[in-house]
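If you want the building blocks of each chain, they are given just below.
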Amino acid sequence: MDLSPRHEVEKPGELRQKVHRNRRRAVLAATVVLIAAAAFVTAQGLRNATLFFRNVDEAVEQRPELGDRRFRLQGRVVPASVDSESGVTTFQIVHGCVVASVRHTADPPALFASPWIPVVLEGEWVLSKVQTFAGIDTHYFLSDRMLVKHTNEYASVNEQRVSEKLPQGFFNDCPFEVPAADS
Amino acid sequence: MSEVTTVATGWGLSFVVVATYALWVVGRGKTIGRELGIGGREKLEPESDSSKPADS
Amino acid sequence: MTQVPDSRHMTATTATRVLGTVALVAVVLMGLLGLVVSPADVVQGQAVRMLYLHVPSIWIAYGAFVLTSFSSALFLFRSRHRHDGGRHHDRLAGSAAEVGVVFAGVTLVTGMLWGRVTWGTYWQWDARLTTTVLLFVTYLGYLALRRLPADPVIRGRRAAVMALISFVNVPIVHFSVDWWRTLHQKASLSVGRRPEITGEMYWTLLYSTLAVTIVASWLIVHRYRVIRLEELRDEEALEALIASRLREDEAQA
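Protein chains in written order, with this note's numbering: chain A, 1 to 183; chain B, 1 to 56; chain C, 1 to 253.
Okay, chain A solo, but in the shape it has when bound:
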């Protein structure tokens, strides 16, 4: 004989609650996990996203505040400056009429070979006298991580364009000359 107090469950509302209780717990747990994931993502975003990189001109101006802190540096690679020796790639990047010399100690991504490609480098300023196309500089940028920042321009390989297009007027009013791409 079934002695469980089934007759107490009379109202459809109560019955529905009983039927769905386990399912509700599972979904609530999933919701909590999702909210935690959202919070983590937001925290990551707030920490990193708003100033993802500094352009060369800003990073040079902010050298005193930056000191030997790690940050991300953005600029376009001067094609005539690229050189590679025993795992170290040296080159110069330019933005806002300011040039910085770079020593990169890891393998660059494949697209790095494209002339005038914009790159984002992770590393720090190192005190050392170096020669750039713009003159003598007091620091070079020591980088161990490179991200290629490709643009939203797309062109067929069949077209005549062979390199990343420089934005119009990129070197306008710059007090120095930068050699054109070799290719």
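No lab work stands behind these hints: they were computed from the structure. Yeah, the Cβ is synthetic: ideal placement off N, Cα and C, and Gly gets one too. There's no promise every hint is true.
Facing chain B, according to a computed beta carbon distance under 8 Å, are these residues of chain C, among others [to be verified]:
(1) 35
(2) 53
(3) 76
(4) 78
(5) 105
(6) 116
(7) 223
(8) 232
Place chains B and C on chain A using the hints.
Frame of chain A; chains B and C shown alone:
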């Protein structure tokens, strides 16, 4: 990973994700329909169904 | 939309069978254009072919989330004028959101693979990537909320409010590349700006968007019908259970 491998993986994965979702939706519809007993007409009127193509 | 002829073709009608066939043909043609006919890019090479999946997917996700928000607003503010209590709008909101999440997922996967060969990394927490993954997670949360057992009207209202809140992120995702410095490039196409994309690639991108739209429409219609079937099943199961309990009580009395 080479460019071609990346493109093949990306297109392949996307196709699998969307196709799996589409099959799940259609399958779920059929399962619930059977549970509800809406499929009764199949037995009653077999001729009327034979001309219909599969779900697409 | 609720006409269901038999169990083998439970969520299909003649119209959706035609739509499904068109979608299949459109996808085959999209593959042909995107993978064979369109040229490689001068800088990115073959990797540019990810464009034809990645960009249409996020546009469809945006479109689906617009539909979810619009339907949710109608459910919240116009439901009392409808004979079904606005449940049509609730179903439409739910089905569009689910399809939107699928395509947001496709956007993330294709974007990560594309990023690996172009940027040199699968993932970076820049503003575009961060807000996109937040969009994905938020709408997953919305779908979880829809599965919480509750009175359909109360559940529909909760979901509709969350849908309207979640939508705030859509313009943030889209404009993040203009508002903040990002590793991600600026929008491939935007209104009032000359596209920086060569003719064949431009038309392949537009065609791919059309093809993905047809696929998404087919999915939304079918998912809508499945939600209707789920509602019917829940109602029937509950009624049967209550009836059996009442009969038991009567027999005991």
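Now the hints, each set against the structure:
1. 35: holds, 7 Å
2. 53: Holds. Min distance 5 Å.
3. 76: Result: violated, 26 Å to nearest chain B Cβ.
4. 78: Hint on residue 78 of chain C: violated, closest Cβ of chain B at ~27 Å, above 8 Å.
5. 105: holds, 6 Å
6. 116: holds, 6 Å
7. 223: Holds: closest Cβ of chain B sits about 5 Å from residue 223 of chain C, inside 8 Å.
8. 232: holds, 6 Å
Consistency with the previously given hints fails for numbers 3 and 4, ordered from lowest to highest.
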